[in-house]
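*Asks:* Chain residues, written in single-letter form:
There are 2 protein chains.
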Amino acid sequence: VGRVKGYTAERELVIKLWKLGFAVMRAPASGSKIRKAKYPDIVAIKSGKVLVFEVKSRSKVENIYLRSEQVEKLREFTERSGGQAYIVIKLLGSDWRVIELECLEKMSNGNYRLSKELILKSKTLDELLRNLRLIPSLEDFIKRSTYEGG
Amino acid sequence: VGRVKGYTAERELVIKLWKLGFAVMRAPASGSKIRKAKYPDIVAIKSGKVLVFEVKSRSKVENIYLRSEQVEKLREFTERSGGQAYIVIKLLGSDWRVIELECLEKMSNGNYRLSKELILKSKTLDELLRNLRLIPSLEDFIKRSTYEGG
Chain W
256 VGRVKGYTAE RELVIKLWKL GFAVMRAPAS GSKIRKAKYP DIVAIKSGKV LVFEVKSRSK
316 VENIYLRSEQ VEKLREFTER SGGQAYIVIK LLGSDWRVIE LECLEKMSNG NYRLSKELIL
376 KSKTLDELLR NLRLIPSLED FIKRSTYEGG
Chain R
256 VGRVKGYTAE RELVIKLWKL GFAVMRAPAS GSKIRKAKYP DIVAIKSGKV LVFEVKSRSK
316 VENIYLRSEQ VEKLREFTER SGGQAYIVIK LLGSDWRVIE LECLEKMSNG NYRLSKELIL
376 KSKTLDELLR NLRLIPSLED FIKRSTYEGG
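Chains as they are written, first to last, in our numbering: chain W, 256 to 405; chain R, 256 to 405.
Be careful, since some hints might not be right.
Identical copies go unnamed one by one, so any copy, or any two together, can satisfy a pair.
[Unchecked claim] List time: in silico DSS-like cross-link candidates among lysine-lysine, alpha-carbon distance up to 30 Å:
| # | residue 1 | residue 2 |
| --- | --- | --- |
| 1 | 328 | 274 |
| 2 | 378 | 315 |
| 3 | 361 | 274 |
| 4 | 315 | 293 |
| 5 | 293 | 311 |
| 6 | 271 | 398 |
| 7 | 274 | 398 |
| 8 | 378 | 304 |
| 9 | 361 | 311 |
| 10 | 304 | 371 |
| 11 | 304 | 328 |
Everything labelled a hint here was simulated from the structure, so no lab data went into it.
Bound-form chain W, shown alone (with noise of 0.2 Å):
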């Protein structure tokens, strides 16, 4: 069942990226041990930016965890390309919410974890590509109506 959410999600989002006017690439989806063992989620490319993220479904606010290997695998990609690493969850009947790679607590085991807290503070998808520049902001939008107006 969490497979089959996971993948719903993952759905969803590279059609929001899409329509967004990113590049997507998505994992494959057979074999998915050799996938998780090689390919992050998602790839979101936007003018040579580079966004990696892995997708996490959820339906209540929680820790989440994640395996040191595929925490390193992720580092490995985004440094090769240049780009920037998230974990991006969809929490049941709210927006996606997204933070950096870099957040992640170690634990003891070597594994690690997103903190509930963080989530709940955490940013939106839209408000990180706009902090990005990769969406229009607010002010985008009155500049540019200012420009046609005037």
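We have chain W already, so just place chain R on it with the hints.
*Replies:* Frame of chain W; chain R shown alone:
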């Protein structure tokens, strides 16, 4: 058979690009119809430079044909990403050869042709990557030795 051969070539190219330091994404292998419609075969990224590859595998040099929708999808993805698109050809017993997507000839039926003449005078993948400064050139090696020596 063509399909299996194609996948083998793709896997080989993924491994080669990864060894050269690229972050590499390969399109989902399952549901090949959806896949062909949406994703390029391989996207390789290094330090924000995005290379979009359509992979072909041939036992001899011959004209290669691409459907117009396929070329349009490649262009759309490439434009969004801010990258460069190439047809990359695995010729049996030879190096990988690359041709810029824009070198394809549009035929009267709307589809595209890559002539065998263009394939014969095409660059190798290594030449392309050196030209783009994505892998070190001979000059880079000489410079490096000079610095290290002096």
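*Asks:* For each hint, tell me whether it holds in the structure or not.
*Replies:* Consistency of the hints with the structure:
no.: 1; hint: 328 / 274; verdict: both (28 Å within a copy, 15 Å between copies)
no.: 2; hint: 378 / 315; verdict: within (17 Å within a copy, 53 Å between copies)
no.: 3; hint: 361 / 274; verdict: between (35 Å within a copy, 28 Å between copies)
no.: 4; hint: 315 / 293; verdict: within (28 Å within a copy, 32 Å between copies)
no.: 5; hint: 293 / 311; verdict: both (17 Å within a copy, 23 Å between copies)
no.: 6; hint: 271 / 398; verdict: within (25 Å within a copy, 47 Å between copies)
no.: 7; hint: 274 / 398; verdict: within (23 Å within a copy, 46 Å between copies)
no.: 8; hint: 378 / 304; verdict: both (19 Å within a copy, 27 Å between copies)
no.: 9; hint: 361 / 311; verdict: within (18 Å within a copy, 43 Å between copies)
no.: 10; hint: 304 / 371; verdict: within (28 Å within a copy, 35 Å between copies)
no.: 11; hint: 304 / 328; verdict: both (19 Å within a copy, 20 Å between copies)
Hint compliance for this structure: every hint is met.
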